[in-house]
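Chemist: Numbered per the working numbering, the sequence shown spans residues 1 to 576.
The set of hints was computed from the structure by calculation and includes no laboratory data. Be a bit skeptical, because a hint or two may be false.
[Said to hold, decoys possible] DMTMM-like cross-link-like pairs, simulated, lysine to aspartate or glutamate; straight-line CA separation at most 20 Å:
1) Lys393 - Asp483
2) Lys129 - Asp472
3) Lys262 - Glu243
4) Lys393 - Asp472
5) Lys264 - Asp240
6) Lys332 - Asp431
7) Lys329 - Asp79
8) Lys568 - Asp516
9) Lys575 - Glu501
10) Lys332 - Asp316
11) Lys129 - Glu512
12) Lys570 - Glu552
13) Lys570 - Asp483
14) Lys328 - Glu243
15) Lys129 - Glu100
16) Lys418 - Glu374
17) Lys332 - Glu320
18) Lys262 - Asp247
19) Lys329 - Glu374
20) Lys129 - Asp333
21) Lys418 - Glu320
22) Lys129 - Glu145
23) Lys393 - Asp335
24) Lys132 - Glu374
25) Lys393 - Glu374
26) Lys570 - Glu512
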Amino acid sequence: MSYTLHGLGISGGIAIGRAMLMSHATLEVAHLTIGTRQVDKELARLDSAVEAVRAELLALKAHNDRAPTAPNELMAFIDLHVLFLSDPELIGATRRIVRERLCNVEWALVRQMEHLVEQFEQFEDPYLKERKYDVLQVGERVIKELLGRPGRVSLKKARGATEETLVIVAHDLSPADTIAFKEHHFAAFVTDVGGATSHTAILARSMAIPAIVGLSSARAMIRDGETLIVDGTRGVLLVDPDEQVLDEYRIRKEQLELERTKLKRLKSMQPRTLDGVDVGIFANIEIPSDTRAALEAGADGVGLFRTEFLFLGRGDVPSEEEQFEAYKKVVKDMDGRPVTIRTFDLGGDKTPDTQRTPTNPALGRRAIRLSLAEPGMFRLQLRAILRASRYGKVKLLVPMLSHARQIDATLLAVNAAKESLRAERVAFDEDIEIGGMIEIPGAALAINMFLKRLDFLSIGTNDLIQYTLAIDRSDEQVASLYDPLHPAVIMLVAHTLSTAEKAGMPVSLCGEMAGDARFTRLLLGLGLRTFSMHPSQIMHVKSRVIQANASELAPLARRILRLDETEKIKEAVGKL
């Protein structure tokens, strides 16, 4: 029987193949009561299991170091999993539960995993939110070791199928699993869980194969060997399609492969419109090793370096030296190209030392609000960024600004960090540019206070849309209302661009809108000249840019601003 499943397409393209199911056993543990004399023995079991898992992960890392097969991004996640094994919030808290509740270690570990997953669910940043899967994967490995069932996952391979025609179907993939798969040549990946920054997404993009995550129940519904069509661009999985549908997708697959070949030729081409307008196309990166993908895509630089990864898998604030080394690596890797480093976009629920979970972290003490409230933490990051600026062109970007006093306080903090470095005779870029993110409607409407104080602006459309339409984009029940082409959103973007242009201030756009080629011509018409996106989207957007005429698009975009219904706007954008 044919049916269709919908998820999140995180690596574009089309694959046609047969399902290969990855076995997944849900771990169920009993709650056992132990005596006080058994506590030390129980904790020794935990220590032994943790060390066994640590040894397995380090051995995998050492093997890859000797004969590299996995992308650096995945190896970074292996390091993260090793860190989780020493995390007091995971292992330390589990030991405390065993002592206080006199229970078996398996049950204690599961309870603490559930507690941490709830905390990660509160995170606003999608990258941090998805790290709940790291907690589950590390914990599951330790529990398997405790239960005497260690080892990697197994695959059920369909008879008569070659790897190139196999589609991996899994509930989830851990970094260790994905690294093992890197040595193979599968057609596609689909998983029940995960998001745009999941291990599966990173693997699929590095292998340039289609992938869909967030399918919920694909692993339970699909049978081994069934024919699958994976449309990674649209996030659609077709199960057991008929011959007519197969023929249609075979034609589409050939067309996409031909288009992809043509796009690769654009890497060295300057992104310039038909009427001679130069456009900057930059990369958004999550971790330092993402610079490789940015360079391979021909990015003009890094338009957004998210620094939250430094907080993952730890219970303290990263040191200045640790931050400096991470920032320096990115700056040096980009070899003179501009690198825009965003200060921590953390929320009150994400700080290492807090026990309070706010009712709505998206509107709470997060981003610059938290940084200004924690001057010691902020000072460390500012000093690290300034020190890295001596190695290349660095810009400092501040998230979630909404008041003039926040901008003034930030500039005072930067100046204080500069003074401390001067006193220590540490070199840095004295003229480092400081910019602010426009992601709150109030900031877009009161943009003049930014123009008077800052050097550049960056529009963060992900949060701007969320705050403008009062929608939690991580809530499935209202996700359909998340609309980049809502009239209010388009007007706020247009107002920001036009007002900044009159003042001569550079503006970039770094949200998902920037990387969606459907919106490129509209944004060009509204006056945007600097785009920043995931490296995998750069070629598609560049293709749209070099085929566009900015002067012709401008009056068409102004007409769209007069429309007051989303459907009419979508229709007009489609005709640009």
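Chemist: If a hint holds in the structure, say so; if it does not, say that too.
Modeler: Results for each hint:
1. In summary, the hint linking lysine 393 to aspartate 483 is not supported, as the alpha carbons are separated by about 35 Å, beyond the 20 Å threshold.
2. Between lysine 129 and aspartate 472 the CA atoms are separated by roughly 13 Å; this keeps the pair inside 20 Å, and the hint holds.
3. Proximity of lysine 262 to glutamate 243 is assessed by CA-CA distance (about 29 Å); at most 20 Å being required, the pair is judged violated.
4. Simply put, lysine 393 and aspartate 472 have alpha-carbon atoms about 35 Å apart, too far for the 20 Å limit, and the pair is violated.
5. Proximity of lysine 264 to aspartate 240 is assessed by CA-CA distance (about 33 Å); at most 20 Å being required, the pair is judged violated.
6. Among the hinted pairs, lysine 332 with aspartate 431 is consistent with the structure: their alpha-carbon atoms are about 19 Å apart, no more than 20 Å.
7. Distance check on the hinted pair: lysine 329 and aspartate 79 sit about 17 Å apart at the alpha-carbon level, within 20 Å; holds.
8. Between lysine 568 and aspartate 516 the CA atoms are separated by roughly 19 Å; this keeps the pair inside 20 Å, and the hint holds.
9. About 26 Å separates the Cα atoms of lysine 575 and glutamate 501, which puts this hinted pair outside 20 Å; it is violated.
10. As the CA atoms of lysine 332 and aspartate 316 are separated by approximately 27 Å, the hinted pair breaks the 20 Å bound.
11. At most 20 Å may separate the alpha-carbon atoms for a hinted pair to count; lysine 129 and glutamate 512 meet this at roughly 17 Å.
12. Restraint check for lysine 570 and glutamate 552: satisfied, since their Cα atoms lie roughly 19 Å apart, inside the 20 Å limit.
13. A hinted pair counts as satisfied when its Cα atoms are at most 20 Å apart, and lysine 570 with aspartate 483 qualifies at roughly 10 Å.
14. Distance restraint check for lysine 328 and glutamate 243: the Cα-Cα separation of roughly 54 Å exceeds the 20 Å cut-off, and the hinted pair is therefore not satisfied.
15. For a cut-off of 20 Å, the pair hint linking lysine 129 to glutamate 100 is broken: about 29 Å separates their Cα positions.
16. Using a Cα cut-off of 20 Å, the hinted pair lysine 418 and glutamate 374 holds, with the two alpha carbons roughly 18 Å apart.
17. As the CA atoms of lysine 332 and glutamate 320 are separated by approximately 18 Å, the hinted pair is consistent with the 20 Å bound.
18. Using a Cα cut-off of 20 Å, the hinted pair lysine 262 and aspartate 247 is violated, with the two alpha carbons roughly 23 Å apart.
19. Taking the CA atoms of lysine 329 and glutamate 374, the gap is near 26 Å; set against the 20 Å cutoff, the hint is violated.
20. At most 20 Å may separate the alpha-carbon atoms for a hinted pair to count; lysine 129 and aspartate 333 exceed this at roughly 28 Å.
21. As the CA atoms of lysine 418 and glutamate 320 are separated by approximately 14 Å, the hinted pair is consistent with the 20 Å bound.
22. The suggested pairing of lysine 129 with glutamate 145 is violated, with an alpha-carbon distance near 26 Å, which exceeds 20 Å.
23. Between lysine 393 and aspartate 335 the CA atoms are separated by roughly 9 Å; this keeps the pair inside 20 Å, and the hint holds.
24. Between lysine 132 and glutamate 374, the direct Cα distance comes to roughly 25 Å. Violation of the 20 Å bound is thereby established for this hinted pair.
25. Restraint check: the Cα-Cα separation between lysine 393 and glutamate 374 comes to about 27 Å, which exceeds 20 Å; the hinted pair is violated.
26. With a CA separation close to 17 Å, the supplied pair lysine 570 and glutamate 512 stays within the 20 Å bound.
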